[in-house]
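**Student:** Residue numbers (the working numbering), protein chains in the order written: chain A, 12 to 310; chain B, -18 to 351.
Note that these hints are calculated values from the structure, not bench results. C-beta atoms are modelled at their ideal positions from N, C-alpha and C, and glycine is treated no differently.
What the simulated footprint calls covered on chain A by chain B, stretch by stretch (three residues with Cβ under 8 Å from a Cβ of chain B suffice, anywhere in the stretch; the number is not a length):
{"no.": "1", "stretch": "97 to 107"}
{"no.": "2", "stretch": "110 to 116"}
{"no.": "3", "stretch": "227 to 236"}
{"no.": "4", "stretch": "270 to 276"}
{"no.": "5", "stretch": "280 to 288"}
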Amino acid sequence: METLKQIFSLSLILASFRFATPLILAALGGLFSERSGVVNIALEGMILIGAFAAVYGSASTGNPWIGVLYSMIAGVAFAAILAVVCVLFKANQVVVGTGINIFASGITIFLLQVLFGVKGTSPMVNRLPAFRIFGVRFNPITYIAIVLVPIVWFIFYKTPWGLRIRAIGEHPAAADTLGINVNRWRFISVLISGALAGLAGAHLSIGDGSAFVREMSAGRGFIALAALIFGKWNPLGAFGAAMLFGFAEAIAVRVDFAFIPSELINAIPYVLTLVVLAGFFGKSVAPAASGEPYYKGEK
Amino acid sequence: MSNFSAKLKSVMTELGLSLLSIIIALLVGTLFIFLTNKSPLDAYSALYIGAFGNFSAIANTLWRSTPLILTGLAVALPYRAGLFNIGAEGQFLMGGFAAGVVGFYFTSLPGFIHLPFAIIAGMLVGGLWGGLPGFLKAKMDVHEVIATIMLNHIAIALTINYGINYFRDTGRPATPKIMDTAAMLRFNQLADHPILGKLPLAELFNHPAIRLHLNFVLAIITAIVLWYLLFKTTLGYEIRAVGFNPDGAEYGGINAGRSIIVVMFISGAVAGLAGVGEVLGTHLSFMSGMDAGYGFTGIAVALIGQTHPIGVILGGLLFGALAQGGLEMQFSGIPSEIVMIIQALVIFFVATLQVLKVYIGKKKAKGGVK
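Chain A with its partners taken away, still in its complex shape (with noise of 0.2 Å):
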């Protein structure tokens, strides 16, 4: 009974939210790449290089707000790679995406030493302020993450840019055929999925904390991955599947279960999305060019 309690307590569920912010922006930035036709396995890397660009911004002009951008800024500079080698040069997209991985894990903890000074935990910079609304409180990138969920849903939905974009993740020649370009409307879409997921990086680091530390995107790019597939590539599934990580990952923190150690209880998205592709939900099945490269007049 006790555990219950916890489980279903206010400030568990507000936890959750926090936990989650991170995982929907990028699950969404992931939404747009993969529905494009691009696999984004690099999110974790612009998350943490986000993350960085957050925590310099904030502590070289003493506003975290340029933070914001700059994490921003830093995340379709990662994306950029990412659209000039795979969309450019159609280069396979997972092997460039695990690069990018690498060079985020390389140029943060290099950027360390070379600004900072130090190899682990930069120093503390002003945070974004909380604020207060129908009684909570969070850090404003929160509530962006909350907002852009039924935007993306509009934008995908209700556009003709996400239905372009929804056309060349499905079959990119027919919107050939039918005047999209293919190649442009890729790199749109990976560029935006740079900037959602560097946003999420700065909530790690000037949101939620006040500080960068190496790695600190801890499988979070991995994990909103899973949202996506978990929620079926669809913004609304991706924000239902992300709150339900973000659950895990609070409960995990807090709550101490007599059955199952809390150490495994952060493995359960994991096993979840498994599951799924597994087929036991419900097929979860990826946009079907997703993983290609797009050659003009083939086929």
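Guided by the hints, dock chain B onto chain A, whose structure is given.
**Tutor:** Same frame as chain A, but now just chain B:
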């Protein structure tokens, strides 16, 4: 004869592509070194001296390349079957953990049983962790990239977060130290060995700083075995056929699903062996942080080696040298993370050049027909 020269030409092209990407990566790397206000020439000479400056440095370059050769192979083999194994990290952890547990748990086994037992246990568990995504791919059409990503994180939760806490006996985040009977022979113990001490070069390795151990030999043997498997056996032919054209292979009577499961199992076992070596040879216990991203670096190693087992040995040696030399760079005030940056750059350039090669080849072929 013309067949041989054509083959030689293609090998030289591949080698040239890899070398070109390394050179470009090192050149672009200088931009980052400039950020530290140090001279790139000093940085790279420190890197070279650290990796090859003396006999101990060379031996330790080999030591650092050991897990990289193995994880590189674990990526390269499935790549030939058209599968992308980014789960080497998890397979490494599961294999290393199993070997570590067997290594400390059995206290009274003789060495000639204990060590092989621990190695096989590690490879088996790694193999199962690799075979599982193979099974999911073959039977349930789950994409292996997503499945291996998920399994990596499940492995981290199981071994580093839960396993170590469950078994550890001190404050150190590691499983208890393994028994001596499960430890892999270190090259600097060769001179004291009753039989191997008679080897001509044994004395040379007798230096406490040398950390090279048996697993390097096992890694080289593994590479040769996989080369033989891939190019000289029916299974290897099947693997390559499935990678080339899965539907065509199926039509030609090859059971593609079975090949996928087998190849993922083997690759998991090989990645597991990398973990086994780190536990039984390097750290003498399974410890947090010992994976050091080897599974992901293995991707760079496999690509730079053009996914050919012998090429992977060369790729592993290169990245081993970078890792070993990076320490010397750190001493001279340049963050050793420059090595990770260079690794990532190598991945970008190999991936790009590879595509350009295919593209140019296609253009040439088209021109030929006209």
